Amino acid sequence: MRKPIAAANWKMNGDFALVEAFAKHAWPQGNVEKIFGLPAIYLAKAHEMGLAELAGEDVSAHASGAHTGEISATMLKEAGASYAIIGHSERRTDHGETETLLIEKWKQLKAQGLKVIYCIGESLQEYEAGQCDSALLRQLNPVLDAGLVDADTVIAYEPVWAIGTGKAA
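For the sequence shown, numbering that gives the first Met the number 0 begins at 0 and goes up steadily by one.
Hint data in this document are derived by calculation from the structure and do not stem from the laboratory.
A quick note: this is a predicted structure, and the numbers were derived from the prediction, not measured.
You may find that some hints are simply not true.
[Said to hold, decoys possible] Derived CB-CB ranges, DEER-like: (1) R137 x H66: 25 to 31 angstroms; (2) H61 x K23: 31 to 37 angstroms; (3) L143 x V31: 24 to 30 angstroms; (4) D144 x H24: 40 to 46 angstroms; (5) L123 x K23: 33 to 39 angstroms; (6) E47 x I162: 28 to 34 angstroms; (7) T97 x M0: 30 to 36 angstroms; (8) A161 x P27: 17 to 23 angstroms; (9) L143 x M48: 34 to 40 angstroms; (10) K109 x H24: 33 to 39 angstroms; (11) R137 x K106: 16 to 22 angstroms; (12) L136 x A20: 36 to 42 angstroms; (13) Q124 x I4: 28 to 34 angstroms.
[Claimed, not checked] Listed below are the simulated BS3-like cross-link pairs for lysine-lysine, each with C-alpha atoms no more than 27 angstroms apart in a straight line: (14) K44 x K23; (15) K109 x K76; (16) K76 x K10; (17) K44 x K33; (18) K2 x K44; (19) K109 x K33; (20) K23 x K114; (21) K23 x K76; (22) K10 x K33; (23) K109 x K2; (24) K23 x K10; (25) K2 x K76; (26) K23 x K2; (27) K106 x K33; (28) K76 x K44; (29) K106 x K2; (30) K10 x K114; (31) K109 x K10; (32) K44 x K109; (33) K33 x K2; (34) K106 x K10; (35) K114 x K2; (36) K23 x K33; (37) K76 x K33; (38) K114 x K44; (39) K33 x K114; (40) K114 x K76.
All C-beta atoms, glycine included, are put in the ideal place defined by N, C-alpha and C.
Turn these sequences into a full structure, and let the hints guide you.
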């Protein structure tokens, strides 16, 4: 059986001193895999300090080239990441990321031997309409059909309607 996972996604919050304090004092103890999703700028330093398994918070769908501001899977790996988060609701909403694009990102990660944390979740409208299953399957089926899910894949369920609302999921 797989070891339980405790994962934190830092986003654009605080500075590295706060990242370090969190990693040293707030992680659960015991037999749990700790994964810390960090902004790319902090990955190498966190890797040097051995704070936890590291995840990039996004990855480019391109291996290299003229893609200003993007981070390739190779770059994430060189910075010390062993995972990358893709499909987060904020990326889907703010950047219009589709399953087609996410499949390309996934392929880049697998080509570099990185593990995928694939985020899924339903909106408030889908939740209230009782469409949770169809919303989740709409996000899962394309990656299942593409044969990308393997034993190292982490499916992270985060109901979009619960983010920042105080409502229990």
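Tested hints:
1. R137 x H66: 25 to 31 angstroms: holds, 27 angstroms
2. H61 x K23: 31 to 37 angstroms: holds, 35 angstroms
3. L143 x V31: 24 to 30 angstroms: Hint holds: Cβ distance 27 angstroms, inside 24 to 30 angstroms.
4. D144 x H24: 40 to 46 angstroms: About 42 angstroms separates the Cβ atoms of D144 and H24, which means 40 to 46 angstroms holds.
5. L123 x K23: 33 to 39 angstroms: For L123 and K23 the Cβ distance comes to about 36 angstroms; the hint holds.
6. E47 x I162: 28 to 34 angstroms: Holds, since E47 and I162 (Cβ atoms, about 32 angstroms apart) stay within the stated range.
7. T97 x M0: 30 to 36 angstroms: holds, 33 angstroms
8. A161 x P27: 17 to 23 angstroms: holds, 21 angstroms
9. L143 x M48: 34 to 40 angstroms: holds, 37 angstroms
10. K109 x H24: 33 to 39 angstroms: Between K109 and H24, where Cβ atoms are some 34 angstroms apart, the hint holds.
11. R137 x K106: 16 to 22 angstroms: holds, 20 angstroms
12. L136 x A20: 36 to 42 angstroms: Once the Cβ atoms are compared, 40 angstroms apart, the range 36 to 42 angstroms for A20 and L136 holds.
13. Q124 x I4: 28 to 34 angstroms: holds, 29 angstroms
14. K44 x K23: Between K44 and K23 the Cα gap is close to 14 angstroms, so the pair holds against 27 angstroms.
15. K109 x K76: holds, 11 angstroms
16. K76 x K10: Roughly 19 angstroms separates the two Cα atoms, so the pair holds.
17. K44 x K33: holds, 17 angstroms
18. K2 x K44: Roughly 26 angstroms between the alpha carbons, so the hint for K2 and K44 holds.
19. K109 x K33: holds, 21 angstroms
20. K23 x K114: holds, 24 angstroms
21. K23 x K76: holds, 23 angstroms
22. K10 x K33: holds, 16 angstroms
23. K109 x K2: holds, 21 angstroms
24. K23 x K10: holds, 18 angstroms
25. K2 x K76: OK: K2 and K76 at ~23 angstroms, within 27 angstroms.
26. K23 x K2: Holds: K23 and K2 sit about 20 angstroms apart, inside 27 angstroms.
27. K106 x K33: This hinted pair holds, its Cα atoms lying about 24 angstroms apart.
28. K76 x K44: Holds: K76 and K44 sit about 13 angstroms apart, inside 27 angstroms.
29. K106 x K2: holds, 25 angstroms
30. K10 x K114: With Cα atoms ~19 angstroms apart, K10 and K114 stay inside 27 angstroms; holds.
31. K109 x K10: Holds, at roughly 23 angstroms.
32. K44 x K109: holds, 24 angstroms
33. K33 x K2: holds, 10 angstroms
34. K106 x K10: Between K106 and K10 the Cα gap is close to 23 angstroms, so the pair holds against 27 angstroms.
35. K114 x K2: Holds, because 15 angstroms separates the two Cα atoms, which is no more than 27 angstroms.
36. K23 x K33: holds, 12 angstroms
37. K76 x K33: Judged against 27 angstroms, a Cα distance of about 17 angstroms means the pair holds.
38. K114 x K44: holds, 20 angstroms
39. K33 x K114: holds, 14 angstroms
40. K114 x K76: Roughly 10 angstroms between the alpha carbons, so the hint for K114 and K76 holds.
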